[in-house]
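Asks: The lines below spell out each chain.
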Amino acid sequence: KNEVEQSPQNLTAQEGEFITINCSYSVGISALHWLQQHPGGGIVSLFMLSSGKKKHGRLIATINIQEKHSSLHITASHPRDSAVYICAVSPAARQLTFGSGTQLTVLP
Amino acid sequence: DSGVTQTPKHLITATGQRVTLRCSPRSGDLSVYWYQQSLDQGLQFLIQYYNGEERAKGNILERFSAQQFPDLHSELNLSSLELGDSALYFCASSVGATREERELFFGEGSRLTVL
Chain A
38 KNEVEQSPQN LTAQEGEFIT INCSYSVGIS ALHWLQQHPG GGIVSLFMLS
88 SGKKKHGRLI ATINIQEKHS SLHITASHPR DSAVYICAVS PAARQLTFGS
138 GTQLTVLP
Chain B
6 DSGVTQTPKH LITATGQRVT LRCSPRSGDL SVYWYQQSLD QGLQFLIQYY
56 NGEERAKGNI LERFSAQQFP DLHSELNLSS LELGDSALYF CASSVGATRE
106 ERELFFGEGS RLTVL
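Chains as they are written, first to last, in the numbering used here: chain A, 38 to 145; chain B, 6 to 120.
So that you can see chain A by itself, here it is in the shape it has in the complex (with noise of 0.2 Å):
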């Protein structure tokens, strides 16, 4: 069983529908990520989380310790939009691991 687990691999949706992608992790973290990569292969770190919950802009990134889930809201999702999002986890002592990420196109 992987460490990451996240849902769904693949999402389609319509420009402006709300989007949650969902990340589940098996072992105690130090902190978790949320991470964007576009078409070209960039990457670019969204959040980096360890309670409670981030926004910038229309991204929302929520954790819960206890039950060790995470998750990563898109508002008014837009064409824009479309790109891998991986989830990442900080175990302890430990370097990041990452989920096998959840590709998201989002028509117009």
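These are calculated hints, taken from the structure and not from any lab test.
Glycine included, every Cβ here is placed at the ideal spot set by N, Cα and C.
Relax, there's no trap hidden among the hints.
Taking lysine to any residue pairs in the SDA-like style, the calculated list, with each CA pair at most 20 Å apart, reads: (1) B:K14 x A:G79; (2) B:K62 x B:L35; (3) B:K62 x A:S67; (4) B:K62 x A:P128; (5) B:K14 x B:V119; (6) B:K62 x A:E40; (7) A:K90 x B:E108; (8) B:K62 x B:G101; (9) B:K14 x A:V81; (10) B:K62 x B:E80; (11) B:K14 x A:H75.
Here are some chain B residues pointing at chain A (derived, C-beta under 8 Å): (12) G47; (13) L48; (14) F50; (15) Q53; (16) A61; (17) G63; (18) L93; (19) F95; (20) E108; (21) L109; (22) F110; (23) F111; (24) E113; (25) G114; (26) R116.
Got chain A; can you put chain B on it based on the hints?
Replies: Only chain B this time, still in chain A's reference frame:
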């Protein structure tokens, strides 16, 4: 622009060859991380340097080595290349090495194709 610079962006080489990938971290960042992203394995941590010293090692093959220089740039050396080494290699940097300083900034990646 993350401020992390990786060169080359693309590299095509043959099996058995050796290549060097270069990374310049964001100004002020002391930690450099190397990651490999292949189609079948996804993203995997290879190695971390902090202020010139190796800090952590992940799934890095013995044919691969890395170093961080006094000016904090880092190089990843891949030798005796095999077809399976074809992948995107990412460098990331962060201010420090502790949990609180681990926001990561990624470079655009170096795409290696081994023929």
